[in-house]
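Number of protein chains: 2
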Amino acid sequence: MIRIVADAMGGDFAPVEQVKGAVNALHNNKDVTIILVGDEAQIKAELANHEYDESRLEIVHTTETIGMEEVPTKAVKTKKDSSLVVAFRLLKEGKADALVSSGSTGAVLTAGVLILGRLKGVSRPALCPAIPNYRGESTFICDCGANLECKPVNLIHFAVMASAYAEAVYGVKNPRVGLLNNGTEDHKGLLLQQEVNHLLKEVDAVNYVGNIEGREIMYGDVDVVVSDGFTGNIATKSIEGCAKAISTILKKEYKRNIFTKIGALFSSGVLKRFKKNLDYEGKGGAMFLGLQKAVVKGHGNSKERAFAVCIEQAINAVRGDMVAKMKEMIDKVNMDALAETAKTSAEGGAQ
Amino acid sequence: MIRIVADAMGGDFAPVEQVKGAVNALHNNKDVTIILVGDEAQIKAELANHEYDESRLEIVHTTETIGMEEVPTKAVKTKKDSSLVVAFRLLKEGKADALVSSGSTGAVLTAGVLILGRLKGVSRPALCPAIPNYRGESTFICDCGANLECKPVNLIHFAVMASAYAEAVYGVKNPRVGLLNNGTEDHKGLLLQQEVNHLLKEVDAVNYVGNIEGREIMYGDVDVVVSDGFTGNIATKSIEGCAKAISTILKKEYKRNIFTKIGALFSSGVLKRFKKNLDYEGKGGAMFLGLQKAVVKGHGNSKERAFAVCIEQAINAVRGDMVAKMKEMIDKVNMDALAETAKTSAEGGAQ
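Respectively, the protein sequence lines represent chains Z and L.
Numbering-wise (this note's numbering), the first sequence opens with residue 1 and increments by one.
Numbering-wise (this note's numbering), the second sequence opens with residue 1001 and increments by one.
The following block holds chain Z by itself, in its conformation from the complex:
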């Protein structure tokens, strides 16, 4: 049995949609048990609307919730009986194999590092969402906001971790890794990118293809895009906003008048596949890489389906033995030597 612990109280529509998502995931995965952490009365009230295998669902009651606007460190340290903190504690204690939360990103990051703990050899855990690409596959961006400012060695870790993730969870063989930069030539970028571009060429464990520009993220020619967290965040959200704006324009245009509405009828197959191609919900949440177990951070606005996909992601991370593979890859890389090289050449400069 694969055991998932889910924070039932994190997110704009918690706990209703989180409970629905959990029930949904239970139905589709017969070898999975789920612990829902949160207000028992509220969880039970929603569960009453559903049929599910009670033997595979457990509720752990908590009395506190961490809000989206709270200061993460303070909240995690003081709200000992919050759903998020208790969920992480259960994970740490071995009561579960992976965790899912659609609560505050900052709180998930903080609790992940403070309660669960980092994987040995990883200096900075990082967020890795999947972006739908032109080929109908996923492009993984790491980091996307956990570490705004980075040293070169952090980005080497991101490359290794995201490669292990893509391979273990999505079956991508020998993932192609690109460095997000303002041009493809070796001299491009700030000191950080110049240094990382140089170092990544020396890391055998990473299938590094070179610098890539922002416009290449969605082309699907690389599987993993490595970046500092600030830039990765801007790129990911820019693309998300663009996709949303374009979909909205298209929808609006089709609703314009009776003729365009007829056009929409004749195009329904096309539009359905188009939508599926750009299905952000279906891509799940961001995997929080570099912790001792798999942690999935869902969008704050996750509803049933999105949350269920996040749980599937966590399940697949356990099935694919993601953390063990990551450990193995990290051990292969001589991080100390790279860290030394990076330190010498980037001191006081990078970024």
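Think of the hints as simulated: they come from the structure by calculation, not from any bench.
Idealized CB from N, CA, C, for every residue including glycine.
Worth double-checking, as some hints may not be accurate.
What the hints assert, rightly or not - Taking lysine-lysine pairs in the DSSO-like style, the calculated list, with each CA pair at most 27 Å apart, reads: (1) Z:K261 - L:K1244; (2) Z:K325 - Z:K201; (3) Z:K244 - Z:K20; (4) Z:K255 - L:K1261; (5) Z:K276 - L:K1244; (6) Z:K276 - L:K1261; (7) Z:K255 - L:K1283; (8) Z:K276 - L:K1275; (9) Z:K252 - L:K1261; (10) L:K1092 - L:K1120; (11) Z:K276 - Z:K255; (12) L:K1251 - Z:K276; (13) L:K1276 - Z:K275; (14) L:K1251 - Z:K275; (15) Z:K188 - L:K1244; (16) L:K1303 - L:K1251; (17) Z:K272 - L:K1255; (18) Z:K251 - L:K1255; (19) Z:K272 - L:K1251; (20) Z:K276 - Z:K173; (21) Z:K77 - L:K1188; (22) L:K1255 - Z:K255; (23) L:K1252 - Z:K252.
Stated by the list, open to error - Which bits of chain L does chain Z cover? Going by a derived footprint, with three or more residues having C-beta under 8 Å, they are: (24) 1138–1149; (25) 1180–1192.
Unchecked claim - Residues from chain Z that keep clear of chain L, each with C-beta distances beyond 10 Å, as calculated: (26) V16; (27) N49; (28) L57; (29) V60; (30) K77; (31) K80; (32) L116; (33) D186; (34) A205; (35) D321; (36) M329.
Since the structure of chain Z is provided, determine the placement of chain L on it from the hints.
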């Protein structure tokens, strides 16, 4: 008469498409004269295919061209008879009011600063492209790659200059300015963004609305997005790539089979308007702000229409008295006081 000088040799399809674009712009603007700078024989060979008002077109012959891959500073300093350098010299000498080139970005930036010169009070000239937004208008991003690393005061200049540009050339009244950041709260961002967010609130000449996330760039709720050049470059290209990927997916889906092709016929109006909404070519090039005259940098792959639009942009900058308005706005801002504030609070930290 408005006098435009155009670098006929810069760009992937030069000089043929540049000459076509110039002829096109001449037709549509009877109060404009154009100087085409480049290889006279090649220019004349193309001109022979067109009818145009010869009294308004002049050719200045040059023998050299600056390639896309050349080191900008070296190329601008040594290739004295290159089309770009000569065009900038003519502009500097008062033979023209504005310049257009679709050659190497680095060379245009270098020649702009070295030959034409900065506007007084501006520490760093910056590139400002227009991105089509959800509302069918333009969002201006400044800087988008001229200055990879920036100090807070540079971004204040970008905000002022881009506001003047949007107002003078596009008639945007009191343009709303947002700072590109990884979240909307005041504490978000690196030291650079935190400082700039703080400073922009104090600049009366700028209609600052606060931090914006990458996803908001295309929503059209702000007219100007301010950023350091590295981040702006990543955001702009990410959006460009996303729009291109999505258009390609849509096109592919409509070509799938006979039914989808019929759907396309019934949707032709929609698709036409959709395409127009995302018309990157129609948005012209990036205005190079902060120089003593208007300089438009077109895409390297500009063809006739794109180059003609760049010329129109240059014409409109002259018509709208962009540089004078920019001067006026810059004078209104107490740059010295701001620079002092920025220096004190950001010293040794921001980026």
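Checked hints:
1. Z:K261 - L:K1244: With a Cα-Cα distance of about 25 Å, the restraint between Z:K261 and L:K1244 holds, given a limit of 27 Å.
2. Z:K325 - Z:K201: holds (21 Å)
3. Z:K244 - Z:K20: holds (25 Å)
4. Z:K255 - L:K1261: This hinted pair holds, its Cα atoms lying about 20 Å apart.
5. Z:K276 - L:K1244: holds (17 Å)
6. Z:K276 - L:K1261: holds (19 Å)
7. Z:K255 - L:K1283: Between Z:K255 and L:K1283 the Cα gap is close to 26 Å, so the pair holds against 27 Å.
8. Z:K276 - L:K1275: holds (21 Å)
9. Z:K252 - L:K1261: holds (21 Å)
10. L:K1092 - L:K1120: Distance ~15 Å between L:K1092 and L:K1120 Cα, so the pair holds.
11. Z:K276 - Z:K255: holds (20 Å)
12. L:K1251 - Z:K276: holds (15 Å)
13. L:K1276 - Z:K275: holds (21 Å)
14. L:K1251 - Z:K275: The hint holds at about 13 Å.
15. Z:K188 - L:K1244: holds (23 Å)
16. L:K1303 - L:K1251: At roughly 22 Å apart (the allowed maximum being 27 Å), L:K1251 and L:K1303 satisfy the hint.
17. Z:K272 - L:K1255: Holds. Z:K272 to L:K1255 sits at ~15 Å (cutoff 27 Å).
18. Z:K251 - L:K1255: holds (20 Å)
19. Z:K272 - L:K1251: At roughly 14 Å apart (the allowed maximum being 27 Å), L:K1251 and Z:K272 satisfy the hint.
20. Z:K276 - Z:K173: holds (24 Å)
21. Z:K77 - L:K1188: holds (21 Å)
22. L:K1255 - Z:K255: holds (22 Å)
23. L:K1252 - Z:K252: Holds. L:K1252 to Z:K252 sits at ~21 Å (cutoff 27 Å).
24. 1138–1149: holds (count 3)
25. 1180–1192: Since 4 is at least three, the answer is holds.
26. V16: holds (25 Å)
27. N49: Since the minimum Cβ distance to chain L is about 33 Å, Z:N49 lies beyond 10 Å and the statement holds.
28. L57: Correct as stated: the minimum Cβ-Cβ distance to chain L is 35 Å, above 10 Å.
29. V60: Answer for Z:V60: holds, closest chain L Cβ roughly 31 Å.
30. K77: It holds; Z:K77 is separated from chain L by about 18 Å at its closest Cβ, greater than 10 Å.
31. K80: Check passes; 25 Å lies beyond 10 Å.
32. L116: Answer for Z:L116: holds, closest chain L Cβ roughly 24 Å.
33. D186: holds (12 Å)
34. A205: Nearest chain L Cβ is 26 Å from Z:A205, so the label holds.
35. D321: holds (32 Å)
36. M329: Holds: least Cβ distance 27 Å, greater than 10 Å.
The structure fails none of the hints (numbered hints given earlier).
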